[in-house]
Amino acid sequence: MSQKMTRRRLLLGGAATAAVALVKSSFGKVVQTGIPEAALDPTKQVGPLPGVLGTRSPFEHPQRKPSLTSSQTPLQDLYGMITPSDLHFERHHAGVPAIDPHTYELMIHGMVDKPTVFSLADLKRFPSVSRICFIECSGNFRKPDKENITPQDICGLTSQSEWTGVMLSTLFREVGVNPKATWFLAEGSDAAVMTRSIPVSKGWEDAMIVYAQNGEAIRPQQGYPARLLLPGWEGNTSIKWLRRIELSDGPFMTREETSKYTEPVKDGKIRQFSFTMDARSIITYPAYPAQLQKGWVEIRGLAWSGRGKVRQVEVSTDAGKTWNAARLQEPVLDKAHTYFRYLWQWNGDTTAIMSRAIDETGYIQPSLEQLITARGPGTGYHLNPVTAWLIKRDGQVVYSPEKWK
Amino acid sequence: MPFWVCVTGTVMIACERRSNAVPDHFGYGRPATEKEIAVKAIAIRPDGKGLPAGSGTVLDGAIIYAAKCASCHGSTGVEGPFNVLVAPDTVGAKPFDQSSKRVKAIGNYWPYATTVFDYVRRAMPFNAPGSLSDNEVYSVTAWLLHANKLIGADAVINAKTLPGVVMPARKYYVTDSRKGGDGPYE
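For the record, the sequence lines run as chains A and B.
Residue numbering for the first sequence follows my numbering, starting at 49 and increasing by one per position.
Residue numbering for the second sequence follows my numbering, starting at 2 and increasing by one per position.
What the hints contain is simulated information worked out from the structure, not anything from laboratory work.
Each hint should be verified, as a subset may be incorrect.
[Said to hold, decoys possible] Okay, derived cross-link-like pairs now, DSS-like style, lysine-lysine, Cα gap no bigger than 25 Å in a straight line:
#, chain 1, residue 1, chain 2, residue 2
1, B, Lys95, A, Lys191
2, A, Lys308, B, Lys50
3, B, Lys50, A, Lys191
4, A, Lys162, B, Lys50
5, B, Lys102, A, Lys308
6, A, Lys451, A, Lys440
7, A, Lys314, B, Lys50
8, A, Lys451, B, Lys102
[To be verified] Incomplete in silico selection of chain B near chain A, CB under 7 Å:
#, residue
9, Phe83
10, Gln99
11, Arg171
12, Tyr174
13, Thr176
[What the hints assert, rightly or not] Quick list of the computed label-pair ranges, beta carbon to beta carbon:
#, chain 1, residue 1, chain 2, residue 2, range
14, B, Gly55, A, Ser249, 32 to 38 Å
15, A, Lys191, B, Leu60, 39 to 45 Å
16, B, Gly131, A, Ala87, 38 to 44 Å
17, B, Phe27, A, Ala265, 19 to 25 Å
18, B, Lys95, A, Phe107, 49 to 55 Å
Ideal placement from N, C-alpha and C gives every residue a C-beta, glycine not left out.
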């Protein structure tokens, strides 16, 4: 992994002499295993002519990291606020269904005046809206158990896209939602027939039914041909492959809002319907497996909050003793990943660097210790602690293991 | 400014406003029939609304469980390799917030018995979801509730009895109260 990273740096043009020697041998080895070699002089050789689909450079290999249940976005390989659609994280409970857009239907019924079935073409005829926001799984956390893990391993279950579709409030008006309806059930057409109960107020506020992602039809892994989108709320509630919405006067107490996606908190309680994602940030560079050299370093990362805009990101380069404001890249959007940067001069000493997000409600991203003190060591889900990266004297950057008390 | 410019301008703005008005109803989509609603609305509420006719027993459930569930969840519901389903509520157990290792299962963590029926019917068995008949789902539910020491061995589970099964974990459930801001972390 670290050799791969070093090779990429070389190709981008800057590497120390020692690194070059090491890289040359590893590059030679890679050529043998079939990765294309750059033209010796690209100005002397005509390249491929225009094609039907663009491709990544053969020298770039950002990849998600799949397990049985999810695959994580390679945050350390990305440079902006938008996640390329094919790198958006995946989390589903019974695989990705294949749905024919021509036979797709969304039924809205229950406490409504006019129970209605919409085709995909119907949904696309309604006035449309686009918005950029993140989707984050509430299980997006990894215990700080060892050094050699990346931002992708720690919190790769968050991604951001520009989503386009129809406001759910438009559809609520269309079917005439009964004012006494307080919850609605959203149901997917995957093999898990995923269901969650959602307060109707979220439906009126900013919920959407989306059919496009980053300018094209939504990807199958993200809910093709249409999904629910609940900005700022735990990803599981944004039901993918949405087939049914049932208006009701109470929650349905489905498996995913009782036995899962609930967390033990103080005094033996079990917290339910914890929808909103609290503010969080992570430094994505320098982070494991980066190798630092003395001198100027631009610290870069992402910050976001499910409660609104990121107001400020603070960075500490002295293990949390002092904090300084990072620069936020515009646009800073509501419930959206915000890119931050902080210029720092590393003098070669061992230290730890970390970031904390502050959102527009004044909420300050907590430490792991603060979270566990507030909730108990048996808690789970909605863990958004400050992440520290340890910089060793030789410039090696590693995750800073922390005790889980 | 000549009078006619002013008048024309006003009329144009008025027209534009009218064409931008968003109607409450566009008339898209088709009415859902009662029949298709009945087929598709499979969700069960905690009060039992939505439960179908039929019933099941612990004895029948044991046979179905052994044939269709045990390979993933273990012969008694605790062996895995996938989700542990059986963990009766134990008096004096360490509260969940104080123990990251305590197993969470139907008997000690699930707040409603109706959820078992709803989930098994919609998503299980994993390799053949939706393949069990309603009576089979009632029986598997009965076996799981019995294994978790929530009902007796001779209990019959149906639309009437299932919502009445007392789930010990229910008293622990609280609704989220986090609000952001500068208050204490919770």
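Does Tyr174 of chain B hold up as a contact with chain A if the rule is Cβ-Cβ below 7 Å? Constraint on Tyr174 of chain B satisfied, holds at 5 Å.
Agreement of Lys314 of chain A and Lys50 of chain B with the hint, judged by alpha carbon distance not exceeding 25 Å: 33 Å, violated
Min Cβ distance, Gln99 of chain B to chain A: is it shorter than 7 Å? 6 Å, holds
Can you tell me whether the CB distance of Gly55 of chain B to Ser249 of chain A sits inside 32 to 38 Å? 37 Å, holds
Hint says 19 to 25 Å; check whether the CB-CB distance for Phe27 of chain B and Ala265 of chain A agrees. For Ala265 of chain A against Phe27 of chain B, whose Cβ atoms are near 22 Å apart, the range 19 to 25 Å holds.
When the nearest CB of chain A is found for Arg171 of chain B, is that gap smaller than 7 Å? 9 Å, violated
Sort out whether Lys308 of chain A lies within 25 Å of Lys102 of chain B, counting only the CA atoms. Holds - the C-alpha atoms of Lys308 of chain A and Lys102 of chain B are around 16 Å apart, at most 25 Å.
Taking the least C-beta to C-beta distance, is Phe83 of chain B closer than 7 Å to chain A? Violated, about 10 Å.
Need the status of pair Lys451 of chain A, Lys102 of chain B: alpha-carbon distance at most 25 Å? 16 Å, holds
Holds or violated: are the alpha carbons of Lys50 of chain B and Lys191 of chain A at most 25 Å from each other? Between Lys50 of chain B and Lys191 of chain A the Cα gap is close to 41 Å, so the pair fails against 25 Å, i.e. violated.
Interface hint compliance - Thr176 of chain B to chain A, C-beta minimum distance less than 7 Å: Thr176 of chain B check passes; min Cβ-Cβ to chain A is 5 Å, inside 7 Å.
So if I understand the rule, the pair passes when the alpha-carbon distance is 25 Å or less; does Lys95 of chain B with Lys191 of chain A pass? 22 Å, holds
When held up to the earlier numbered hints, the structure conflicts with 3, 7, 9, 11, 16 and fits the remainder.
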